[in-house]
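Participant: Two chains, two frames, some hints: make the complex.
Protein chains in written order, with my numbering: chain A, 2 to 88; chain B, 452 to 585.
Warning: the hint list may mix true and false statements.
[Unchecked claim] With a cut-off of at most 27 Å between alpha-carbon atoms, the simulated DSS-like pairs for lysine-lysine come out as follows:
(1) Lys548/B / Lys51/A
(2) Lys538/B / Lys14/A
(3) Lys505/B / Lys40/A
(4) Lys562/B / Lys543/B
(5) Lys476/B / Lys32/A
(6) Lys548/B / Lys32/A
(7) Lys538/B / Lys51/A
If you're looking for bench data, these hints aren't it; they were derived computationally from the structure.
For reference, the chains in residue letters:
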Amino acid sequence: MAERRKFKKRYCKYCEQKVDFIDYKDLASLKFSLSERFKIMPRRLTGNCKRHQELVTVAIKRARQTALIPYIVDRKNVVENPFENVR
Amino acid sequence: MTCYETLFVVKPTLTDEETAAQIEKIKEVVAKNGGELIATDDMGMRKLAYPVEKNNRGYYTVLFYKAEGTLISELERNLKINEDVIKFLTVKYTKQKELAQFNKLVESANKKTDAAPEAAPVEEEAPAAESTEA
Chain A
2 MAERRKFKKR YCKYCEQKVD FIDYKDLASL KFSLSERFKI MPRRLTGNCK
52 RHQELVTVAI KRARQTALIP YIVDRKNVVE NPFENVR
Chain B
452 MTCYETLFVV KPTLTDEETA AQIEKIKEVV AKNGGELIAT DDMGMRKLAY
502 PVEKNNRGYY TVLFYKAEGT LISELERNLK INEDVIKFLT VKYTKQKELA
552 QFNKLVESAN KKTDAAPEAA PVEEEAPAAE STEA
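So that you can see chain B by itself, here it is in the shape it has in the complex (with noise of 0.2 Å):
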């Protein structure tokens, strides 16, 4: 089992649901070949550096997982064959740095999603607040 990390890039066309599906699929492949995914991290909507399929914006999302080698190729191929995917790139991490870098990665990554649900009321109450003393 070597450890792995693949960063996609799903249209910005499709709606909440459709971006969220398409998550979804991915991570089915990888599950259904053996893989043992540890963490996802959301990075959202960001603006591209240069268009791709005249897109100008993408939803990133990055997988962190342990699998066999093999899965690599199956999961490449999913991916190549999504049209709602414009881009991936999948990194393996082998050597010892690597691999310490690869859990903190991993750690930051869950820490993030833990406090995504903490963050989003904060954000929500703001505005509220500036609501009332107006």
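Chain A on its own, in the form it takes in the complex (with noise of 0.2 Å):
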């Protein structure tokens, strides 16, 4: 519920800046839709529409697959401060 409360206006951050591609290479803007444990966050709750949802999964899989953000962070596998090359 809490997590939910967060986004409870529901609009796409996206479509409001008017943004039409994703960059892999720019952390801080995937940051938004990454769960704290560096999943994808449904649509449901980031509010982000069909298309820039689109754009958003691609980008973060690009950036899993170069290593700039891990796949899955669980007890084994801790990032002490993973957004530090973000400035």
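Facilitator: Structure, rendered in structure tokens:
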């Protein structure tokens, strides 16, 4: 419930900023659509529209491939400061 | 001619000169096969999100170039053979909107390379000033 309340007012953040393309190297913009454990946040929680969700998904998967963000985070694979590279 | 972007990660164990040589080697492959290198973005040494071949860090470089499709297979073959390259990813830009973004990325990469020599001396000056105060 707590998490849902955070995203209560639902609108597409990317539509508002008129984003046409999401770069996989720009981690700061991907951060919004990632959960604490680096899962892709579902549309029902972030309020992203379908078009932008698809762009985000592709960007996140590319970032994972290039070791910019982790695939999984659990007790064995703890990331201390994952966004230290982001200024 | 299509716009492409290739990101690759070089092993952290190499010295600065060796990494520079590796990057130069890959740029040569692009040039030899009729590719037109537009910009390079040096992201520098970064921490990897997960260990790759037991490395915890890596030296990131991004190349932006225009080339024929045949270059990609040749480039990726070279990257695969090279043991000092631990990760690589090629992205193709075809749609209008993607191309606009591609140009933006190229611009920002060019700006960075222009700004880098200016920014470096400023950083050097800062600690020097501190030492004079002390």
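Participant: Run every hint past the structure and note whether it holds.
Facilitator: Each hint tested on the structure:
1. Lys548/B / Lys51/A: holds (17 Å)
2. Lys538/B / Lys14/A: violated (32 Å)
3. Lys505/B / Lys40/A: holds (24 Å)
4. Lys562/B / Lys543/B: holds (22 Å)
5. Lys476/B / Lys32/A: violated (34 Å)
6. Lys548/B / Lys32/A: Answer holds: Lys548/B to Lys32/A is near 22 Å, not above 27 Å.
7. Lys538/B / Lys51/A: Given that 27 Å is the threshold and the Cα spacing comes to 30 Å, the pair is violated.
Violation of the numbered hints given earlier is confined to hints 2, 5, 7; the remaining hints are satisfied by the structure.
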